[in-house]
Amino acid sequence: MWENIIAKIKSILDANTLVQETYDYEEIKFEGQPCAVVVPSDNNSDYSSNVDNERVYGVKVYLFVARGENYYKDSVCESVTRELVDSVLDDFDKNWQLSGIELTTGYSMLYMEAAPSIWGYSNREMAYRMAQIDLRIHLNVDVNNIT
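Anchor point for the sequence shown: position 114 equals 114 in this note's numbering, and the numbering is continuous, going up by one each time.
Mixed in with the good hints there might be a few duds.
What the hints assert, rightly or not - Calculated cross-link-like contacts (lysine-lysine; reagent style DSS-like; alpha-carbon spacing at most 30 Å):
1. K60 <-> K73
2. K60 <-> K29
3. K94 <-> K10
4. K60 <-> K10
5. K29 <-> K10
6. K94 <-> K60
7. K29 <-> K73
8. K73 <-> K10
Quick caveat, the hints were computed from the structure, so don't treat them as lab data. Owing to the predicted nature of the structure, the values given are computational and were not obtained by experimental measurement.
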């Protein structure tokens with residue numbers, strides 16, 4: 001399921017016109033600005049019955065906006081980052097059921113939650129303003145149909 005979830009989230013980010021590059025792995029050098037990185041964070045499950053369980057997949061989306069001499073000045077970078085976070089959250093809120101996701105047999109989509117989390121600065125190959133969005137994807141699992 002991880003591959004299907006990450007692929008769907010990446011496709012939502014790819015469709016956002018404010019995001020220039022989206023990576024589904026920890027890229028060393030970013031090619032476009034602003035960019036997004038999507039990585040799994042955790043998962044857990046809740047026992048419902050001997051047939052159904054709710055499984056929650058956690059995903060972190062990191063948004064990076066370049067700052068400094070050749071990119072955005074600090075005040076502009078801050079404004080661009082806020083607009084980017086709002087835009088990405090709007091995209092996730094509009095698609096809270098991840099329509100079109102390919103589900104493995106035995107899984108059915110319940111809903112997705114998106115919440116802004118940590119804001120900070122990152123010094124990778126250069127300076128970035130970074131914002132993290134935490135996603136929680138809730139799936140129903142029919143234990144009799146999973147392989």
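Task: Hinted pair K94 and K10, Cα distance within 30 Å - done: Since the Cα atoms of K94 and K10 sit roughly 15 Å apart, the hinted pair holds (cutoff 30 Å).
Open item on the list: Tell me if the straight-line CA distance from K60 to K73 falls inside 30 Å.
Closed with: Satisfied, since the Cα-Cα distance of roughly 26 Å is no more than 30 Å.
- [ ] Given the hint that K29 pairs with K73, test it: the Cα-Cα distance must not exceed 30 Å.
- [x] holds, 21 Å
Task: Straight-line alpha-carbon gap K73 to K10, limit 30 Å - done: holds, 28 Å
Open item on the list: For a C-alpha distance cap of 30 Å, please report whether K29 and K10 respect it.
Closed with: Distance of about 18 Å is within 30 Å: holds.
TODO: Quickly compare the C-alpha distance for K60 and K10 to 30 Å and report which way the hint goes.
DONE: holds, 11 Å
Open item on the list: Next pair to validate is K94 with K60; report whether the Cα-Cα distance is within 30 Å.
Closed with: Given pair K94, K60 holds - Cα atoms ~18 Å apart, limit 30 Å.
- [ ] Starting from K60, check that the Cα of K29 is at most 30 Å away, please.
- [x] Holds: K60 and K29 sit about 19 Å apart, inside 30 Å.
Hint violations for this structure: none, all hints satisfied.
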